[in-house]
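Listed below are the residues making up each chain.
Number of protein chains: 2
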Amino acid sequence: MAKRTAATAERRPERRRRSDGERSRTAILDQAARLATVEGISGLSLSRLADAVGMSKSGLFAHFGSKEELQLATIETANEIFDEQVLDPAAQASTGLGRLRALLDAYLDYVESGTFPGGCFFASVLVEVSMQPGAVRDRLLAFLQDWMGRLEAAVRDAQREGDLDKSEDPGQLAFELESALFLANTQFAVASSSQSIERAHRAIDSRLEAASA
Amino acid sequence: MAKRTAATAERRPERRRRSDGERSRTAILDQAARLATVEGISGLSLSRLADAVGMSKSGLFAHFGSKEELQLATIETANEIFDEQVLDPAAQASTGLGRLRALLDAYLDYVESGTFPGGCFFASVLVEVSMQPGAVRDRLLAFLQDWMGRLEAAVRDAQREGDLDKSEDPGQLAFELESALFLANTQFAVASSSQSIERAHRAIDSRLEAASA
Chain A
1 MAKRTAATAE RRPERRRRSD GERSRTAILD QAARLATVEG ISGLSLSRLA
51 DAVGMSKSGL FAHFGSKEEL QLATIETANE IFDEQVLDPA AQASTGLGRL
101 RALLDAYLDY VESGTFPGGC FFASVLVEVS MQPGAVRDRL LAFLQDWMGR
151 LEAAVRDAQR EGDLDKSEDP GQLAFELESA LFLANTQFAV ASSSQSIERA
201 HRAIDSRLEA ASA
Chain B
1 MAKRTAATAE RRPERRRRSD GERSRTAILD QAARLATVEG ISGLSLSRLA
51 DAVGMSKSGL FAHFGSKEEL QLATIETANE IFDEQVLDPA AQASTGLGRL
101 RALLDAYLDY VESGTFPGGC FFASVLVEVS MQPGAVRDRL LAFLQDWMGR
151 LEAAVRDAQR EGDLDKSEDP GQLAFELESA LFLANTQFAV ASSSQSIERA
201 HRAIDSRLEA ASA
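Chains A and B, in that order, are what the protein sequence lines are.
The numbering of the first sequence is my numbering, which starts it at 1 and goes up by one.
The numbering of the second sequence is my numbering, which starts it at 1 and goes up by one.
Some clues are possibly wrong.
Said to hold, decoys possible - Going by beta-carbon spacing under 10 Å, a handful of chain A positions derived as facing chain B: (1) V127; (2) T186; (3) V190.
Said to hold, decoys possible - Simulated restraints on C-beta separations: (4) B:D205 x A:S24: 46 to 56 Å; (5) B:E209 x A:K166: 14 to 24 Å; (6) A:E161 x B:A135: 50 to 60 Å; (7) B:G114 x A:M148: 20 to 30 Å.
No lab work stands behind these hints, which were simulated from the structure alone.
Think of the CB as a built atom: it goes at the ideal place given N, C-alpha and C, for glycine as much as any other residue.
Let's have the full structure, built from the sequences with the hints guiding it.
Next up, the structure:
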């Protein structure tokens, strides 16, 4: 908990120093990230967003020069939120297995708490742009690789620390754990029932038990 | 094999009887289904599709009265293809476990063979419209429920036949198996590598082994 509090304290003064322009930019991007999980990031044009935040299109144009700039800034905002809700809490864990469980649990909490109306920002937007080459897709792929890399690294640490069986293939185990998160997220978004979240927790528990050293 | 051949034979004369108008409608809808996995089904307007198939917008309008009608007809076409590639082959299996394995294997083959350029039509389009209430979303949800119901029914049959452990929760097991398919499909679409398909096969094999009676 100490680390989380420290991180929060560190952020606050920075947030207070923000100018009106920066604060309004943050508010616009928060709205843009929420909207992208409902209508898609491709539909996130300056005029659609102007409607949603009640600003003129020219006012928005002063903040973001182009649709792609707006999309990339929206991804950075979603990434900050993901860091705060998923990565930062897990960084407190003192073991690889503890970090792995914390990442998986925090992800399911982040989905279930309705951070974004359409579920995980990255899951929904990555599926949307998977076949559309460009800077937006590249940025989302880098996010996915980073996330899968974190799961794998936590598995390797847990193997080194003797908590998970060394015969497990870390990439395969990370794939299976992420599978449960990914389906739970989509089913939660379409059905608004926590059954899929509970099933993902059960799947993860039994898989980690089977992999325990 | 007999059943598959019979089904194919039944289909053929029907296809031969199709008029020029029907054949052209089929060709348009095949193209529409492919396009929807790349650009999304929401972007599937009559004018965008007219460009893709080289017809006038008014020519297309003669086939489909509205964008929603076009989208629903596209889903039916994708569903026919799914039936042919995934459901029909599995219908030959003589046991519940055989049918379950056949459904899972046929799904991964359908993804890997590039039936649709953006992976499974239903996975990509369901994520896209998950937050957009309407007839299109309802139709896709019905597809998902039917698919999950088939996996669950095959698990129950395998339990009755003594091939899978009766202590397994069929809904939970179906969720875990579908998880592997769903992530494999998305990772295959973004990375065009068969690693995710192989990982899904391994995940399914070890999960079914753990569940064996």
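Task: Structure-inconsistent hints, enumerated in ascending order - done: none
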